[in-house]
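> Here's the letter readout for the chains.
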Amino acid sequence: MRILVNGASREIGAADLGGALEELGYGGAVVATAINGEFVPAAERQAARLADGDRIEVLAPMQGG
Amino acid sequence: MLRLYDTELRSRLLLGTARYPSPSILTEAVKASGTQIVTVSLRRESGGERAGQGFWSIIRDLGAHVLPNTAGCHSVKEAVTTAHMGREVFGTSWVKLEVIGEDETLQPDVFGLVEAARILCKDGFEVFPYTTEDLIVAERLLEAGCRVLMPWGSPIGSGRGLNNLFGLKALRARFPEVPLVVDAGIGIPSHAAQALELGFDAVLINTAVSQARDPAGMAGAFAQAVAAGRAAYEAGPMEPRDLAVPSTPVIGKAFLG
Chain S
0 MRILVNGASR
10 EIGAADLGGA
20 LEELGYGGAV
30 VATAINGEFV
40 PAAERQAARL
50 ADGDRIEVLA
60 PMQGG
Chain P
0 MLRLYDTELR
10 SRLLLGTARY
20 PSPSILTEAV
30 KASGTQIVTV
40 SLRRESGGER
50 AGQGFWSIIR
60 DLGAHVLPNT
70 AGCHSVKEAV
80 TTAHMGREVF
90 GTSWVKLEVI
100 GEDETLQPDV
110 FGLVEAARIL
120 CKDGFEVFPY
130 TTEDLIVAER
140 LLEAGCRVLM
150 PWGSPIGSGR
160 GLNNLFGLKA
170 LRARFPEVPL
180 VVDAGIGIPS
190 HAAQALELGF
200 DAVLINTAVS
210 QARDPAGMAG
220 AFAQAVAAGR
230 AAYEAGPMEP
240 RDLAVPSTPV
250 IGKAFLG
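For the record, the sequence lines run as chains S and P. Under numbering that gives the first Met the number 0, the first residue of the first sequence is numbered 0, with each subsequent residue one higher. Under numbering that gives the first Met the number 0, the first residue of the second sequence is numbered 0, with each subsequent residue one higher.
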């Protein structure tokens, strides 16, 4: 299916958020996730099913003031 | 000792981690500042570059408390969601809550701020709200459950110091027991000293240090200013007067005219 990952269109095979993160190169990374603007805790990623056109945000620690 | 929520701190200087020339200069500046709290944020991570992972490892090595922000959020929903994401990634219930109302001045949207603070406090967050010096907004934030307030000195990154001295003094006088941290607008160490002399509990600084020619040198200067300002506050500054008062005793002066 085709989804938006951090604003960029990506084709993925995984059906859930956990699988998608592995597939997209985030395996083992410290990140926080959201689907369509809703926070998805790490513990719920495997159960979070994805649908065509979903907007995924994958955020990590960054410099801030 | 400064107490923010249930954490006791020796340093009254909070330091931002943005806009340093390099990670090693950031590390040097943090060390020179003596800070025990650094602010951080969340941004999009690329699965290929994974830049955030390296940054997080640098921050963890600093050994300071981490205060995640919601910088750049313009709505309550955005700020609340970002706070949840920060709590998970950084493993802290602290959040520097920013709900920005206007892009030119980055002035907080105080209505959205109060609403977001209420939601987050109920959800167990320990909220550090970035606010103005408005007394009624401060009251509402405290009612919402905030136990620290962070009024701006002047707009973020402007370096203009304490813009509204009257308002800041009124805020300090109205809430004598609430820890108040001046956040934003401090440009030089004397601004920080002034905030501490007025009885503010701490200051949060970023650009003034990170954009200095020598960030570590400036961080050290701020540490001294903050310590001097606090010592002066505790020592009880004199009241200013309009007319001169001789410091040398007049009694006993020889008549030589």
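These aren't lab readings, by the way, just hints derived from the structure by calculation. Honestly, I wouldn't trust all of these hints.
Distance windows between CB atoms, simulated [stated by the list, open to error]:
no. : chain 1 : residue 1 : chain 2 : residue 2 : range
1   : P       : Phe174    : S       : Gly6      : 19 to 29 Å
2   : S       : Asp15     : P       : Ala230    : 49 to 59 Å
3   : P       : Gly166    : S       : Glu22     : 23 to 33 Å
4   : S       : Arg48     : P       : Ala227    : 54 to 64 Å
5   : P       : Ala227    : S       : Gly27     : 38 to 48 Å
6   : S       : Ala13     : P       : Asn163    : 29 to 39 Å
7   : P       : Arg2      : S       : Glu22     : 41 to 51 Å
8   : S       : Leu3      : P       : Gln52     : 17 to 27 Å
9   : P       : Gly71     : S       : Glu22     : 21 to 31 Å
10  : S       : Met0      : P       : Phe165    : 55 to 65 Å
11  : P       : Asp102    : S       : Gly36     : 19 to 29 Å
12  : P       : Lys30     : S       : Ala28     : 55 to 65 Å
Beta carbons: idealized from backbone N, C-alpha and C, even for Gly.
> The structure should be examined with respect to each hint, and the outcome stated for every one.
To see whether the hints hold, each was checked on the structure:
no.	hint	result
1	Phe174/P <-> Gly6/S: 19 to 29 Å	42 Å, violated
2	Asp15/S <-> Ala230/P: 49 to 59 Å	57 Å, holds
3	Gly166/P <-> Glu22/S: 23 to 33 Å	53 Å, violated
4	Arg48/S <-> Ala227/P: 54 to 64 Å	59 Å, holds
5	Ala227/P <-> Gly27/S: 38 to 48 Å	46 Å, holds
6	Ala13/S <-> Asn163/P: 29 to 39 Å	53 Å, violated
7	Arg2/P <-> Glu22/S: 41 to 51 Å	46 Å, holds
8	Leu3/S <-> Gln52/P: 17 to 27 Å	22 Å, holds
9	Gly71/P <-> Glu22/S: 21 to 31 Å	28 Å, holds
10	Met0/S <-> Phe165/P: 55 to 65 Å	59 Å, holds
11	Asp102/P <-> Gly36/S: 19 to 29 Å	21 Å, holds
12	Lys30/P <-> Ala28/S: 55 to 65 Å	27 Å, violated
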